[in-house]
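**Student:** Top line first, the protein sequences correspond to chains A and B.
All residue numbers for the first sequence refer to numbering that gives the first Met the number 0, where the first residue is 0 and numbers rise by one.
All residue numbers for the second sequence refer to numbering that gives the first Met the number 0, where the first residue is 0 and numbers rise by one.
Because the hints were derived from the structure by calculation, they are not lab data.
Honestly, I wouldn't trust all of these hints.
Taking CB as the label site, the calculated pair distances span [to be verified]:
#1 A:Gly114 <-> B:Gly132: 52 to 60 Å
#2 A:His113 <-> B:Ile167: 38 to 46 Å
#3 B:Leu250 <-> A:His60: 26 to 34 Å
#4 B:Gly132 <-> A:Phe272: 50 to 58 Å
#5 A:Leu293 <-> B:Phe24: 45 to 53 Å
The beta-carbon is built from N, C-alpha and C at its ideal position, and this holds for glycine as well.
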Amino acid sequence: MGTMAFGRSGASTAGWTRRRARFAGTAHWLLVPALAFTLALVVFPFGYTFWLSLNDYQFGHAARFNFGENYAALLHDAVFWQGLGTTFFLYFLSLALQLVLGTYVGLLLNRRLHGQTVARTILMSPFMMPSVVIGMMWLVILDPSLGAANYILSLLGLPPSQWLASPGLVVPVIALIDTWQWTPFVALIVVGGLQALPIEPFEAAFIDGATRWQAFRYVTLPMLRPTLLTAAILRSVDLLRFFDIIYITTQGGPGNASTTLNIYAYRRGFEFFDIGYASAIMIALMALVAIVVLALMRLRRSL
Amino acid sequence: MSLGPFTRERSPLGVYLQYAVVCLFILAPILWMVEASFKAPTAVTAYPPHLLFSPTLENYATLFETTPFGQYALNSLIVAGGSTVLGLLLGVPAAFAVSYQAITWPATLTLAARMAPGTLFLLPWYIFFTALGLVGSHTVLVITHTVITMPLILWVMLPYFDGLPRDILEAARIDGCSPFHMFWRIALPLVKPGIVVATILAFVFSWNYFLFALVLSGFDSKTLIVAAFNFVGEGATNWGALMAAAVLIALPPLALSLLVQRWLVSGLTAGAVKG
Chain A
0 MGTMAFGRSG
10 ASTAGWTRRR
20 ARFAGTAHWL
30 LVPALAFTLA
40 LVVFPFGYTF
50 WLSLNDYQFG
60 HAARFNFGEN
70 YAALLHDAVF
80 WQGLGTTFFL
90 YFLSLALQLV
100 LGTYVGLLLN
110 RRLHGQTVAR
120 TILMSPFMMP
130 SVVIGMMWLV
140 ILDPSLGAAN
150 YILSLLGLPP
160 SQWLASPGLV
170 VPVIALIDTW
180 QWTPFVALIV
190 VGGLQALPIE
200 PFEAAFIDGA
210 TRWQAFRYVT
220 LPMLRPTLLT
230 AAILRSVDLL
240 RFFDIIYITT
250 QGGPGNASTT
260 LNIYAYRRGF
270 EFFDIGYASA
280 IMIALMALVA
290 IVVLALMRLR
300 RSL
Chain B
0 MSLGPFTRER
10 SPLGVYLQYA
20 VVCLFILAPI
30 LWMVEASFKA
40 PTAVTAYPPH
50 LLFSPTLENY
60 ATLFETTPFG
70 QYALNSLIVA
80 GGSTVLGLLL
90 GVPAAFAVSY
100 QAITWPATLT
110 LAARMAPGTL
120 FLLPWYIFFT
130 ALGLVGSHTV
140 LVITHTVITM
150 PLILWVMLPY
160 FDGLPRDILE
170 AARIDGCSPF
180 HMFWRIALPL
190 VKPGIVVATI
200 LAFVFSWNYF
210 LFALVLSGFD
220 SKTLIVAAFN
230 FVGEGATNWG
240 ALMAAAVLIA
250 LPPLALSLLV
260 QRWLVSGLTA
270 GAVKG
């Protein structure tokens, strides 16, 4: 269990494992309701989605088994490839911004100054607000004709922008909205990581005459890597299946410019009722999330 | 505990300035939304935007007059409350069992469920719950939102159960206490603070959740979140009322998060942190 990176630590309870093994089996049944629920609502539907992905199934028509044809069709579907590209563009851009800015804000918060509580309260607001509210808020601010964002641009002498209505800008703008919402979360994780670091390496570095930048680059950053990877894993899960804010603000538009894989799967399934094909997209997306998360966990384990 | 490398600050003034800029960036859009909700309808869409204005409750009045906002709020309350209770009933005993028996896979399984894209379960759910005639009911929303709340509660509760002194449980067992009694009479009263944190987090997450209710709610069970999304879709001509709705919907989760601020990050990262 010590090698399990994603899950709970077994180290602290290992001593108890042996002692409890003597009367094991007694409390297991307390798990049954939760497991039965998970089986019925998660495991079984997952299997069913996989089965559906192997069928030609339009809602209202009979399903026809077509073994892998949906997956073959994915390979020739330009919207799928565009969606894959959009998903990764949004993912990398947002993740990079959030890790860099989150580290900066985390370091800032780590200086024990007055106003910590107020700052933390402000920081948690964006990611505890419903995504619908975030979407509505930014729709109004970024409105191309009457929004405050374009007014600010005009004050700076810049031309107005179409923001979410611009095919070229929509994904970066969504990345910025997500960065606004989740950088504070990354920052709070970073603070937690910083406060768990030992002081000695820093003392040694400063005694050796390291500058603040050198101390950060060669002492803080390497020691902070597991924390940053934890943040990266959590953000990856959310970013790769990005749905809410896009569906609320653009529904994947303009055109298909912000159609991520999750949006594409949803639209094929619930707007076109093309259930077999939508299931294939969802399974592909699930595989993608699993591969990225497992790779990041491997990386963290190797540190 | 270490103070990190940057505590040897010479002049904190620059740091406070950076603090202020960061906080301003985060707060500005929220304040803009709150401000817009108190503007007269004509002032909301004024261009250039007004910073100074006389506040009015007109938008809030419009919201309650033109939409069944109270009904939506009640739906949200039923769904979030119901899925929190169901999540507690399923998740808390499970957390005790996982901790007590030192088995990991059930916890990992529920975590995987929380990590999967929600759309993955939604098609089968839609098919089955349609067949059962449950789509559009409160029940289906309570059940599906429990897929979010139960793993959250389980993972938040784990460290609390792990932290119980084992001697107490051991002594109870030797005295012939059954596992259920051990859980109900001894462990549960000792982890009350954890229950409070788990309850609040689960409620907030269920309240905020969009996707499941988007597909599975009906006219009578529409949550505030989905209703707000529909306001946007209806053309969103009345920005003032839209922002008033946004403010009211964001208030409960924000107020509740304040209560559990100290445990927020550990609650949200539960399961993903290497031990």
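**Student:** Determine for every hint whether it applies to the structure shown.
**Tutor:** Do the hints match the structure? See the list:
1. A:Gly114 <-> B:Gly132: 52 to 60 Å: holds (55 Å)
2. A:His113 <-> B:Ile167: 38 to 46 Å: holds (41 Å)
3. B:Leu250 <-> A:His60: 26 to 34 Å: violated (45 Å)
4. B:Gly132 <-> A:Phe272: 50 to 58 Å: violated (19 Å)
5. A:Leu293 <-> B:Phe24: 45 to 53 Å: Once the Cβ atoms are compared, 34 Å apart, the range 45 to 53 Å for phenylalanine 24 of chain B and leucine 293 of chain A is violated.
Consistency note: the structure conflicts with the earlier hints numbered 3, 4 and 5.
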